[in-house]
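2 protein chains.
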Amino acid sequence: MDITFNNNPKLSILIPVFYVAWQDDFLTKQEFSALAGFINNQEWLTKAEKDFLKTKIDYSSPPSRSEFFKWKEKIDTLINKSNPANLTELGILIANSERPALSEDDILKIAPVFAKMESELGIMGQEIIAGFKSKTDTVTNKYGTVKSFDVNKLTELLDGDQSVHIDKVKKIISSPEFKLETISDTAEYREKVLDWCKILAKEGMGNYAYPKEYGGKADIEGYFSIMETLSYHDLSLVIKFGVQFGLWGMSILSLGTEKHYKKYLKDVGTLELPGGFAMTETHHGSNVKGVQTTAVYNHRDRTFTINTPEKYDRKEYIGNTANHGEMVTVFAKLIIDEKDYGVNAFIVPIRDKNKNVLEGVTIEDCGHKMGLNGVDNGILTFKNVIIPYDNMLDRFSQVNENGEFESPIPSDNRRFFTMLGTLVGGRIGIPRSALAAAKTGLTIAIKYGDKRRQFGPDGGLEVPILNYRMHQKRLMPYLANAYAIHFGLQYLTKRFVNRKEEEMQEIEALAAGMKSYSTWNTRNTLQECREACGGKGYLSENRIDDLKNDTEIYTTFEGDNTVLMQLTAKNRLGEFRKQFGQMNVSGIFNYVIDQAKTSITEKNPFATRNTDEKHLKDKEFHIHAFRYRENEIVSSAAKRFKRLVDNGLDAFDAANVMHPHMIQIADSYLDRVFLEQFQYKLSTITDEGIKEVMERLYNLFALNKIEEHKAWYLEQGYMEGVKTKAVRKLVSQLCWEIRQDAVPLTDAFNIPESCLGAIVTNKAAEA
Amino acid sequence: MDITFNNNPKLSILIPVFYVAWQDDFLTKQEFSALAGFINNQEWLTKAEKDFLKTKIDYSSPPSRSEFFKWKEKIDTLINKSNPANLTELGILIANSERPALSEDDILKIAPVFAKMESELGIMGQEIIAGFKSKTDTVTNKYGTVKSFDVNKLTELLDGDQSVHIDKVKKIISSPEFKLETISDTAEYREKVLDWCKILAKEGMGNYAYPKEYGGKADIEGYFSIMETLSYHDLSLVIKFGVQFGLWGMSILSLGTEKHYKKYLKDVGTLELPGGFAMTETHHGSNVKGVQTTAVYNHRDRTFTINTPEKYDRKEYIGNTANHGEMVTVFAKLIIDEKDYGVNAFIVPIRDKNKNVLEGVTIEDCGHKMGLNGVDNGILTFKNVIIPYDNMLDRFSQVNENGEFESPIPSDNRRFFTMLGTLVGGRIGIPRSALAAAKTGLTIAIKYGDKRRQFGPDGGLEVPILNYRMHQKRLMPYLANAYAIHFGLQYLTKRFVNRKEEEMQEIEALAAGMKSYSTWNTRNTLQECREACGGKGYLSENRIDDLKNDTEIYTTFEGDNTVLMQLTAKNRLGEFRKQFGQMNVSGIFNYVIDQAKTSITEKNPFATRNTDEKHLKDKEFHIHAFRYRENEIVSSAAKRFKRLVDNGLDAFDAANVMHPHMIQIADSYLDRVFLEQFQYKLSTITDEGIKEVMERLYNLFALNKIEEHKAWYLEQGYMEGVKTKAVRKLVSQLCWEIRQDAVPLTDAFNIPESCLGAIVTNKAAEA
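Those sequence lines, one after another, are chains A and B.
Going by the UniProt record's numbering, the first residue of the first sequence is number 1, and it counts up by one from there.
Going by the UniProt record's numbering, the first residue of the second sequence is number 1, and it counts up by one from there.
Keep in mind that a hint or two might mislead.
Same chains, same label: a pair holds when it works inside one copy or across any pair of copies.
[As the list claims (entries may be wrong)] Here are the simulated SDA-like cross-link-like pairs (lysine to any residue), alpha carbons at most 20 angstroms apart as the crow flies: (1) 263 to 67; (2) 725 to 37; (3) 729 to 296; (4) 614 to 601; (5) 29 to 98; (6) 639 to 115; (7) 729 to 657; (8) 133 to 638.
No lab work stands behind these hints, which were simulated from the structure alone.
In this text, all values refer to a predicted model and were calculated from it rather than measured experimentally.
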């Protein structure tokens, strides 16, 4: 009689190993031979039994599919009855399942030899057993969304006193005229965007920021809220809107005087007078102080002649000019009697009311762009274009009746930066617009991840991908960032709206920094959102495409981010030096004492190794850690710069060596401000449910930032490895916890359904 | 007589302070008052003198522009004659410039008081002085490109034995028919791409990978070189080409048998028979094992019925099908007598020769995408489509004459992964295509940065932006990565082309990992390139737009990167266990000894603090550091997984907790492989000039990776802060050095001019 497992059940001891061998690509050909060798060495088997067993692991003659499935059935039947520790124990269970085929003595003899074989083949029996045992219902696939707080209340908290403006904009962009679709034809797209802008102007959205006497609402905060809310919709619309009512209109308001307001503001606010803002030149992008366009004053007829001398002195990327603009604010060097009086601003007509381009003006189209193709960016060249005296925007400098230059600000440099300072609003509108785009992306990706199922335990339901730790790690920190940045930008806006003159420097530095911080965060957020939505994230109908490509240029315009971060850093360095300079002896003494205290309270071995969860979630710990980083980086930068110059490096070269260090100054400063604002906001929340979820988000924001900079903290000895590892673990745990709140937290953004893309709205079922 | 600086020169001591006060926004209004207070306290001044001085710092009445400029002239004249240490010393020089207005005694009295005032106002005199002294010619603005090696020889080194294929492709894509332009109209774009593919097929590029007996060239390596070189051109073309000749053709070759080769391969290679590869379903993207499409075998007429049961079981994103494909390889569960035999592959016609869609087949268009709009991705639904018996691709499983399932691989799981394994070529073609896109982006951004000037020392030439440290830090590491990945992917290709069966698992794991590594690297590289080109990087004419958006999906298709990294990690974990399993007692003893040796040689205080440049550039140090990281991460993962399961976690849940750790396993493994291949390549270079520059690039690659992971090294105590700081400094230094080689290093890629975008080619002058 032929040997079978049925008539010789003790041989079944090898079934688990055979199953594993054929199940996956786990064993190599050589290992199949090794297994055969092992069988040959078993003295308790007869030759016939050995030969039979070896037929089951003949690499060139696999078992039939049905036999293989029978093995699996045997394993499945027994795996949960008893609790085998490895494949040998499981094999014994199978061998003895019908009747005792292996005696206790046999087992004592066989077990150690088999265990050694398992280990030599690298089969970690224990884990494979765990795999066999895996349930169809696991923690991972049963997890999901929980509503633990009142979403509407959180929306109210976010919108604050701006909700009336926000709701009005949401209503407009949800209307049928504003239906979103991909318009590949650039000309058509631009007209659509212009039409949308006209509707907004008609609804009274265009002139919020202008004084009431010129048809406006004197509500600059409202203007920013409109910009931000519009950003849930098409971003070409936002930029066109911002160029017309922000850059163009505000350049008149900020740099001009009464006569200009009277003449232009009303028509700008109604879009009767479309215009642009012509600062950037092909050869001077971020270094706007270096513009080469000239405005030569002619005293005889009191006019200015605007000219772009060389080809690449032309004005480039000027929004609202390739098709629609009729006038622009031009930044040009004022020349009087061949003497250069620095950069000033002038209103220059470029088209008549019938859209004919005026003499001396050449307008080219910038052509197809990565995004924002609904905005008509143009290139402007001026060849001796004469404009009247009144077209000089003369708030900060004038040409007097004698044809002499006059200004309350003697330094050309300082005057120019004062002019730029009045235009800082753009650096508030852009980061807020960027934040809205990040929120939209997060809402799409999180709602998709909550529904989309992929992989799962054998035989069990597939798992919503947002339950995967890696997926959480990709999205949850950005959700926390969105809230942190929201509160921080509200703070910036309020500071700006209620500014005193002596605060302007600080506010400018803050705006420059927050613009960079927010736009880079949006870039990173949308990148993760795209990948987190897989192929769906690549389809234009799901919006991440446009959100990502439109905001891509946010890191460049209104000032290249790396350049702006240098600005912020310079301001911080100046502040640091002043603080230090103003200290008298006792001040310095206190400073030294403070530093020593930090060493005692924060850098002692207990603190640097403290992994207690309560400590890691302590707001005091966070603010100390953030401030410590900020202070150390700025003071080491001051010392380093001095050392470089002392060593004979030219100041310009030294500044160059310091570039990356400067970015760190700005980054650590901004982290601290955002942290403080988040802490402050928490202190104002009374609703228990909201407070709890916001505390979790806050902790994730704080600890994720510490985790991002842990190399620095380790280098400084501020934390030891054991603590940074505990932070990492807690970040992961917080991501897991917040995943339950994630959908409601995006619901609280209250983004119009029509802006959320196909996977979230009409085709939600397919996820 | 009124007091003036001229008639009372001692007062000029304050000119530098006054200049600084009005120059920038450096002093606040309060500080102007403080300065007035200071003047009031100077006992050596008369009241009239004080009053005069105070008029110069009256915040509401600034000096005239011309007076301000006179101050600057005085400073400029004196600053380089002597060597003042601060503003007071400079003031004294000015005061005494005509005649000695201040005596030695005066100076001794005044100087300390003034120095204190400077410090209290936070004016760091020394640095301001350094700024005044800044030369027009600095190190930073005089730096630039140097040619230190033979570019053509480096190109030869990169191309190796593939240069004949590469040059042929370059010639074709440089021809007028292949002129690149932005085509917004999707339909037009798709036809253009099809035309390009036809030209390539006519030139004999389509059938490289097929056996000679079916019209091919049996040159799979050549096929990959073609794919990579085409990727300098339009990436829609590359993907369409890859779908037709790679996915569609290779699925027949890899999964079919003789009868299929005879019938189809020739027509596929000439594009007579356009087709696609229908694996992905809406509900099953990365989890392809879960596809729901069925192929029911009908024994009576020996046919199969293909069906997509539920709506979202449809095949989605299928390239080459929305417009052009006539047949596709469909992956479906084979059902015989209502029994499921796992996923198998079938050839299913979808259109006739006249492009009419066949009965039972529904084809929808995926619509507009973020990129690759020249590829016609479609959605395929099959309603009981009957195909003949011969259309089953039957290399790994067959239905025999009795209508029974037969396969040499009993496990459905293993069989499916064996099938997928034969298709691993896609995971070689994609990372190589991604690399080419990164090289194109780098070439554009580096050449732009080399020419584009922005900012500079006062009065000096503006600086090429590539001379800025921050700009170098953004681009140089990616240039090093491009070379490292180039050598690594060549290694992968050679391994694949010369593979033995027992190596397949390792090669599959390597390909999955390198696909993720390369595509993520391209994503990051192109992001930096876009930002590094500022507004120019946003214009479609400069190509970064398309390169970025087209490769965006590379991180998702051919397997989502995070999923693929898990695959790689599983393989590494398996290998680790086998190594450990196979160790006998003496092996384990040796392992323990080795670990101890690591501690002695690498983790002793001398090594962990060694900042010697020679040590930091030592290849032995690098390979030890990389291997240490790899081994520690994999062994800690093995221990951690065991611990989680021991603690009662379900295996599926434990695997979920381990996700981020698994990514680290794969990442550290890939880093080590790329490092080894770069080291190996260096050892083969004989040309001195090339060797030197490649050593620099190699060092940057190695040290930049260590810098990226320094938090981990610090946590482990493998390095101390002093060493990681030295690494950062050396990375910065290497970036500075390589900047000189950067343009020639991109020239060596030898990318056709026509593929480099407007800023590099016809409009180069404008930079």
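(request) If any of the earlier hints don't hold here, list their numbers in rising order. (result) Numbers 1, 2, 3, 5, in rising order.
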